[in-house]
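Enquirer: Given chain F, work out where chains B, S, A, X and Z should sit, using these hints.
Protein chains in written order, with the numbering used here: chain F, 20 to 144; chain B, 20 to 144; chain S, 20 to 144; chain A, 20 to 144; chain X, 20 to 144; chain Z, 20 to 144.
To be clear, the hints were calculated from the coordinates, so they are not data collected in a lab.
Heads up, some of the hints might be wrong.
No copy labels: a pair is met if it fits in one copy or bridges any two.
Cross-link-like lysine to aspartate or glutamate pairs, in silico, EDC-like; alpha carbons within 16 Å at most [said to hold, decoys possible]:
| no. | residue 1 | residue 2 |
| --- | --- | --- |
| 1 | K107 | D67 |
| 2 | K134 | E47 |
| 3 | K134 | E106 |
| 4 | K107 | D68 |
| 5 | K40 | E106 |
| 6 | K54 | D67 |
| 7 | K29 | D68 |
6 protein chains.
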Amino acid sequence: MDKQAFGWRKIEELAGEQGIKSMKAVEEFSPRLAKLALEFGYGDVYADDSLTMQQRALITLSSLITQGDAGRGLHYHFRAALNIGLEKAQILELINHCSAYAGFPKAIHALHIFKEVLEQAEQKK
Amino acid sequence: MDKQAFGWRKIEELAGEQGIKSMKAVEEFSPRLAKLALEFGYGDVYADDSLTMQQRALITLSSLITQGDAGRGLHYHFRAALNIGLEKAQILELINHCSAYAGFPKAIHALHIFKEVLEQAEQKK
Amino acid sequence: MDKQAFGWRKIEELAGEQGIKSMKAVEEFSPRLAKLALEFGYGDVYADDSLTMQQRALITLSSLITQGDAGRGLHYHFRAALNIGLEKAQILELINHCSAYAGFPKAIHALHIFKEVLEQAEQKK
Amino acid sequence: MDKQAFGWRKIEELAGEQGIKSMKAVEEFSPRLAKLALEFGYGDVYADDSLTMQQRALITLSSLITQGDAGRGLHYHFRAALNIGLEKAQILELINHCSAYAGFPKAIHALHIFKEVLEQAEQKK
Amino acid sequence: MDKQAFGWRKIEELAGEQGIKSMKAVEEFSPRLAKLALEFGYGDVYADDSLTMQQRALITLSSLITQGDAGRGLHYHFRAALNIGLEKAQILELINHCSAYAGFPKAIHALHIFKEVLEQAEQKK
Amino acid sequence: MDKQAFGWRKIEELAGEQGIKSMKAVEEFSPRLAKLALEFGYGDVYADDSLTMQQRALITLSSLITQGDAGRGLHYHFRAALNIGLEKAQILELINHCSAYAGFPKAIHALHIFKEVLEQAEQKK
Numbered sequence: 020m021d022k023q024a025f026g027w028r029k030i031e032e033l034a035g036e037q038g039i040k041s042m043k044a045v046e047e048f049s050p051r052l053a054k055l056a057l058e059f060g061y062g063d064v065y066a067d068d069s070l071t072m073q074q075r076a077l078i079t080l081s082s083l084i085t086q087g088d089a090g091r092g093l094h095y096h097f098r099a100a101l102n103i104g105l106e107k108a109q110i111l112e113l114i115n116h117c118s119a120y121a122g123f124p125k126a127i128h129a130l131h132i133f134k135e136v137l138e139q140a141e142q143k144k
Numbered sequence: 020m021d022k023q024a025f026g027w028r029k030i031e032e033l034a035g036e037q038g039i040k041s042m043k044a045v046e047e048f049s050p051r052l053a054k055l056a057l058e059f060g061y062g063d064v065y066a067d068d069s070l071t072m073q074q075r076a077l078i079t080l081s082s083l084i085t086q087g088d089a090g091r092g093l094h095y096h097f098r099a100a101l102n103i104g105l106e107k108a109q110i111l112e113l114i115n116h117c118s119a120y121a122g123f124p125k126a127i128h129a130l131h132i133f134k135e136v137l138e139q140a141e142q143k144k
Numbered sequence: 020m021d022k023q024a025f026g027w028r029k030i031e032e033l034a035g036e037q038g039i040k041s042m043k044a045v046e047e048f049s050p051r052l053a054k055l056a057l058e059f060g061y062g063d064v065y066a067d068d069s070l071t072m073q074q075r076a077l078i079t080l081s082s083l084i085t086q087g088d089a090g091r092g093l094h095y096h097f098r099a100a101l102n103i104g105l106e107k108a109q110i111l112e113l114i115n116h117c118s119a120y121a122g123f124p125k126a127i128h129a130l131h132i133f134k135e136v137l138e139q140a141e142q143k144k
Numbered sequence: 020m021d022k023q024a025f026g027w028r029k030i031e032e033l034a035g036e037q038g039i040k041s042m043k044a045v046e047e048f049s050p051r052l053a054k055l056a057l058e059f060g061y062g063d064v065y066a067d068d069s070l071t072m073q074q075r076a077l078i079t080l081s082s083l084i085t086q087g088d089a090g091r092g093l094h095y096h097f098r099a100a101l102n103i104g105l106e107k108a109q110i111l112e113l114i115n116h117c118s119a120y121a122g123f124p125k126a127i128h129a130l131h132i133f134k135e136v137l138e139q140a141e142q143k144k
Numbered sequence: 020m021d022k023q024a025f026g027w028r029k030i031e032e033l034a035g036e037q038g039i040k041s042m043k044a045v046e047e048f049s050p051r052l053a054k055l056a057l058e059f060g061y062g063d064v065y066a067d068d069s070l071t072m073q074q075r076a077l078i079t080l081s082s083l084i085t086q087g088d089a090g091r092g093l094h095y096h097f098r099a100a101l102n103i104g105l106e107k108a109q110i111l112e113l114i115n116h117c118s119a120y121a122g123f124p125k126a127i128h129a130l131h132i133f134k135e136v137l138e139q140a141e142q143k144k
Numbered sequence: 020m021d022k023q024a025f026g027w028r029k030i031e032e033l034a035g036e037q038g039i040k041s042m043k044a045v046e047e048f049s050p051r052l053a054k055l056a057l058e059f060g061y062g063d064v065y066a067d068d069s070l071t072m073q074q075r076a077l078i079t080l081s082s083l084i085t086q087g088d089a090g091r092g093l094h095y096h097f098r099a100a101l102n103i104g105l106e107k108a109q110i111l112e113l114i115n116h117c118s119a120y121a122g123f124p125k126a127i128h129a130l131h132i133f134k135e136v137l138e139q140a141e142q143k144k
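One chain only, chain F, in its complex shape (with noise of 0.2 Å):
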């Protein structure tokens, strides 16, 4: 399988068909930056085995709290953090554990996000 076949399992894999769809829009208004995301981002980072996707889901989430990601991306990796299988007891934990390494401004803006992802899936089902 190619690089790019790779990086689009790998986002159905992270985000489901709601992953799918907003890197169909980052591709269709800049071809290259998706293209750069699914072969690297994607397609190269995540294939590697040392790491779990649950782990790599932590270090990801960790990364977006401490740069003060304003919302988009961590609604989306709160969302990928769930669909692979990291528990809602753990991502507050992680939250909790970022307080003390990023300050709780950081924290309590993660916290809001985290909030609204999980009411959001919760009006889906």
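Expert: Relative to chain F, chains B, S, A, X and Z alone:
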């Protein structure tokens, strides 16, 4: 066991004698910062079983790499990550993963610090 | 008085009923993050007289402006700064000062949020 | 011509009437921040020919993408970059370039804001 | 008095002869950056009485701690804060306060730099 | 030519023999990070003609200054910027420009690193 005692024990678990020494140095200069770090940073934050010590180490390191820690924090927590059983290959892959989420300059900066940590560990043997 | 009670009192002093409500919302969704914020963030940190509440407000706001807080933290702490007696002119000058140390984009972003806070305060009267 | 007049002219060159309006709004609320932005930010900084306006726009946008600007700064300076003649393809490639140096989440956040700016520009025609 | 002269005087007030020397070094290598720093950074920004010099020092230090300043800025402004009369206990508490808003790694990094500044000041006596 | 070969050529163009050596050192310690940096960072990102090498250098440096790179990245990319023909005056003005967008402390930190780079280049002649 009170929070401070629990905090000291966590530091020993994470960073061994070197960690104890380094917190004692903080305590000598700023007793209150040491108290806050021990009771909250170690005592409270680590006192929850939703995440394992290894998961916490991944989260901490991702936060430090992303915030562009100049060196002290990364040194301390790379050593800690090895102490609690993360393998070299896992830590290298954490750095790779961060290249996509926090950019290459921060990943390569972290790589050099991790290399120093491993070389120092080697010399002690 | 225990730390949590002290924490709640500090929140009331800083942010009034709105502050209490907003921490109650955090508590409902993540009791442990609320506990950490109350006991450590408010209970411990503010329980020291080396700095006045107004000095702490300047430090908090400078940190939030510099970390590029997306909005929630700045809203809360601009209101708090007014509550504990900082004048509008002082807060405006804090923003001016930050333009030199954190750059104009963050200063102007903060200015717009402060403007909203003042307009909302005006409407309540 | 004095610095303020020069500053206003630069704003017009960069951001047209919309830019003038937006600085007037800053001026109404905080005359001193507007003065600092006009005299220093526009008047002094842009008054040097070592870099062209297009080179400055690339530098400004890279800084805003990297600092994770929540939106206002990126909106303003994407419009400005188009006004002074950078092409859509160049701006898209600037975003691609930043994905490697500041990470994908910031690049994709910037992409969505740039898309909004182009859609708004389209509607005005 | 013109802005540059005012700027030099502010530097002397903040950072004494060492401050003058350090800005002269900037001026020799980059006259224009020194001019911008003097006229805007010191001349304009500090020329307003809404905030005292001590309040400005708290704001500056909080910004530097939060942005993870690698060392040069923190060294300079810790010395300056002592020069203009902030006490050691106040600066230590500023660092404690920042642990909650910007995280422990940045607070502990700042603590070590502050310790160096005090040790150097001690040696000069 | 495959991506890796293209990547190595780009490194040579940007950073000469010193650049090759430094990537070889990364490769020895972490073959996978070197592969990602070569194939994606250099191979893919630089393989597009919408921006010139000089424009890319301005974008890279602005990102590094803004993210507060502790030193390694700025050293490498200041040298690279000179290698591909940016003039000293242009790089100094880039730093000046960043003072307004990322604040003076980061600009002055970058200035000192650029000075070191020029002094080392002088010594080699």
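Enquirer: Does each hint fit the structure? Answer for all of them.
Expert: Hints, verified against the model:
1. K107 x D67: Classified as between; 14 Å across copies, 26 Å inside a copy.
2. K134 x E47: Cα proximity of K134 and E47: across copies only (11 Å, versus 30 Å in one copy).
3. K134 x E106: within (14 Å within a copy, 34 Å between copies)
4. K107 x D68: between (24 Å within a copy, 13 Å between copies)
5. K40 x E106: For K40 and E106, the Cα distance exceeds 16 Å both inside one copy (25 Å) and across copies (27 Å).
6. K54 x D67: between (19 Å within a copy, 13 Å between copies)
7. K29 x D68: Within one copy, since 13 Å is at most 16 Å while 29 Å is not.
Hint compliance for this structure: hint 5 alone is broken.
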